[in-house]
Amino acid sequence: MQADGSIAAAVGGYSVNLGQFSAAAIERAGQLSTGLPLASFAGKSVLARQVHALVQRLARHGLLEYRLSSPHDEQDLVVIEPQVAEYWPQAAKLGNGDTVVLSRFAYLRRRGNEMVLESPRAGALFRICDPAIAATLAALSRPQKISKLRRDAASLSLDLLGLLLHSRMLIKLSAKDGDGLRVNEGDSNLVLWDFHDLVFHTRSTEGRHANPVGGAFTYAGVVAPLPAVRPPWPGKPIDLGKFATPEPVSSFAKLLRERHSIRDFDDQHPITLAELAQFLGTTARVLSEWNGAGFDGGPELTYSARPYPSAGSAYELELYLAVSNCEGLARGLYHYDAGGHALVAIDASAQQLQALAKAAEFAMDASGPPQVLITIAARFGRISWKYSSIAYSLILKDVGNLIQTFYLAATDMSLGGCAIGTNNIDLFARMTGLEFHVEGPVGQFALGRGSRLVR
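Residue numbers (my numbering): -17 to 437.
It cannot be assumed that every hint is accurate.
Calculated pairs, DSSO-like style, for lysine-lysine (alpha carbon to alpha carbon, straight line, at most 30 Å) [said to hold, decoys possible]:
1) Lys127 with Lys158
2) Lys130 with Lys154
3) Lys158 with Lys368
4) Lys236 with Lys224
5) Lys340 with Lys379
6) Lys154 with Lys75
7) Lys154 with Lys127
8) Lys368 with Lys379
9) Lys130 with Lys75
10) Lys127 with Lys75
11) Lys236 with Lys379
12) Lys75 with Lys158
13) Lys26 with Lys75
14) Lys158 with Lys130
15) Lys154 with Lys368
In short, the hints are calculated from the structure, not lab data. These numbers come from a predicted model, not from an experiment.
Please take these sequences and the hints and turn them into a complete structure.
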């Protein structure tokens, strides 16, 4: 609480200014350390509106959690930990005649000495403090009528069930859904997702969880780092050096050795639209298309060929370019039409573009944003329609193929490039209007004229 009437939140060495508030609102905000009932600022008074604004700002910064406590002894039953910035607890309506079942993407696991209920589709995780609730959740692996649940499990309130339903931890079944196995859960695109693939997609990217990401050196004090080069196996080695020439024997071998990441770009001499067109044509353009049978008795499938390899010729990867500085091309977000070898502008806000560029700059530890940031997105259904269990791993292999192709083309053109290890799938969804599980980011590549490669 600041002397000028403003409130700041400090955590982990960082400070966030939340704005100025009245003395009454500041006094009420002090109760947030122990818990402030949602109903206490749900009214229309000036004080209620001020506290509501403060709480919303705290929520957007991920600085709130929500307690459901026992009415008898104030003990926590469940604590809700938001995983996305816009999460706000809302309870979906349920009646005694409704039937619910756990989503097939929900899972209960141990975290330290706690049990948490999570789902890649949910905007929050639920920390289960009452073992009786955990036992009831296990029973929800089978469809259950609300009336029976309320009769058999007194600790499981209708409010909690409504919160779980709104968070997509539970799904409500209709008569045609039967036993609830492999239902589309309200979205036919989810049928193609295996559980482990969707979990890995959301937990290995940013935007839909609140866990540390990137070079956190989590185990620095626990285990020693592995050496850069593996110690050789015991036994007599066969020296290959006497069979190799000291210098590269071909231009391709030379290109491989010259390839390296360039994180800083020369904004006085940016990449040009002609160079970008050449780069995309060299690396990602559709070279041919044809039809073929997928399997005996199955429908005819369409295929394409492109300059990089792809599992099963699926070519599920799409390119989205956030352009910050390209001679001949306006700032903005573009989709690369690989079939037509064309760029199509997408309406994204300047704030979203800045957030995307700043995140890439931070991830690269660079002095400025990339001139062109290529987001590699996957049309997940294109590959999971055929492959089970290994679909997402195949996508990541294809991303590796494409990124190496990007590196070699950039090196050959005397451009700079750098692969980026993470991306925000929630931000991309807001920019494109695409659901994160339908078409979403699986890789990023910064491209431009390197600051050491001036003309």
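Now the hints, each set against the structure:
1. Using a Cα cut-off of 30 Å, the hinted pair Lys127 and Lys158 holds, with the two alpha carbons roughly 15 Å apart.
2. The suggested pairing of Lys130 with Lys154 holds, with an alpha-carbon distance near 15 Å, which does not exceed 30 Å.
3. Between the alpha carbons of Lys158 and Lys368 the distance comes to roughly 26 Å, so the proposed pair stays at or under 30 Å and holds.
4. Between the alpha carbons of Lys236 and Lys224 the distance comes to roughly 19 Å, so the proposed pair stays at or under 30 Å and holds.
5. Distance hint between Lys340 and Lys379 is fulfilled; the C-alpha atoms sit about 27 Å from each other, no more than 30 Å.
6. For the given pair, Lys154 sits about 11 Å from Lys75 by alpha-carbon distance, which is consistent with the 30 Å threshold.
7. Straight-line distance between C-alpha atoms of Lys154 and Lys127 comes to about 10 Å, which keeps the hinted pair within the 30 Å bound.
8. Of the supplied pair hints, the one linking Lys368 and Lys379 holds, its CA atoms being roughly 16 Å apart against a limit of 30 Å.
9. Taken as a hint, the Lys130 and Lys75 pair is honoured in the structure, with Cα atoms around 17 Å apart against an allowance of 30 Å.
10. Our distance criterion of 30 Å between C-alpha atoms is met by Lys127 and Lys75, whose separation comes to about 14 Å.
11. The suggested pairing of Lys236 with Lys379 holds, with an alpha-carbon distance near 24 Å, which does not exceed 30 Å.
12. Distance restraint check for Lys75 and Lys158: the Cα-Cα separation of roughly 20 Å lies within the 30 Å cut-off, and the hinted pair is therefore satisfied.
13. In summary, the hint linking Lys26 to Lys75 is supported, as the alpha carbons are separated by about 24 Å, within the 30 Å threshold.
14. Only pairs whose Cα atoms come within 30 Å are accepted, and Lys158 paired with Lys130 is accepted, the gap being roughly 20 Å.
15. Taking the CA atoms of Lys154 and Lys368, the gap is about 29 Å. The hint holds against a cut of 30 Å.
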